[in-house]
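Sequence lines, in order, name chains A and B. Here the first sequence is numbered in the working numbering, starting from 1 and rising by one per residue. Here the second sequence is numbered in the working numbering, starting from 1001 and rising by one per residue.
It should be emphasised that the hints constitute simulated quantities derived from the structure, not laboratory data. Honestly, I wouldn't trust all of these hints.
Covered by chain A, per the in silico footprint, the following chain B stretches (three or more residues, Cβ under 8 Å) [claimed, not checked]: (1) 1016-1029; (2) 1047-1055; (3) 1064-1072.
Here a beta-carbon is modelled for each residue, glycine too, at the ideal position from N, C-alpha and C.
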Amino acid sequence: MEREEVKKKLEEIIKPYVQDMEAFGNISETTDLLQDLKINSAHLIDIVLDVEEAFDIEIDDESVEKMITVKDSVDTILACVTAAV
Amino acid sequence: MSLGNDVISIVHLVERTEDRKQRYFNKTYTENEIRIIKTLSIQHVEGFFWALKESAYKAYFRVIPKVIMSPKQFEVLTFDGKGATVKTPAGLMHSKVEFTEEYIHAACSIRENGVNEIEYRVFQFKENFHQEVKTKIASYQNCGVDQVEISKDENNVPTLKLKNQHYLLSLSHDYNWGSYAYQKQSISV
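Only chain A is shown next, with the shape it has when bound in the complex (with noise of 0.2 Å):
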């Protein structure tokens, strides 16, 4: 899967629970959801739980909480998704 088709996929997600629309529409990879995006953090879990629906694939504790930004969560992600290949 490439990176571009996972980012675009992981906007799509994330959109619903963004309180700051603007911020969301220059959302680049270093956009930070929670000081950026303004989403609360009550919700990180149901971006995750989203995330591995629309994916397929499970993602641990530990790196639950390294999706802090778009370039990270994205990497997540892949690396998710590689190692369920």
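On the provided structure of chain A, position chain B as indicated by the hints.
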């Protein structure tokens, strides 16, 4: 000394199917927390527990910055609907919870009974959260807004300067709900 607070908009809490709820529980709670939750018949219990964990995390982060939130490391040990104790890597946090039909709010202190030494408020805001916090505090303290300053350090940890005194401050917002909490006793900087 440290404190934290967190507000959650109830209307924006996610509805989960039973299967999804189980997966959420497994990623968020320790076995002991799941045991506690099963004894409770409180609506939106996940919201309560998250507010407790997040406020404890904020208090912990103030002491040990740059730590990443790991839900299971902030374990709710006791919860009676009004208060809780939360175990963190830095020791126990003592929390107070309040809720309405619209929000859940938790405030915590690293000191036992310390939560009684915290001034906090939950409110609806429209646009500029920080400005509205300053206005609320000024109104409550019966002073001008120009006597209220909020600053953040390099780790994004806020401090309140009120009438030339400095106070530990915690801020939180979720959709149109905002909250602040500050230690009643000033600190030296």
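* Checking against the hints above, which ones are violated? -> none
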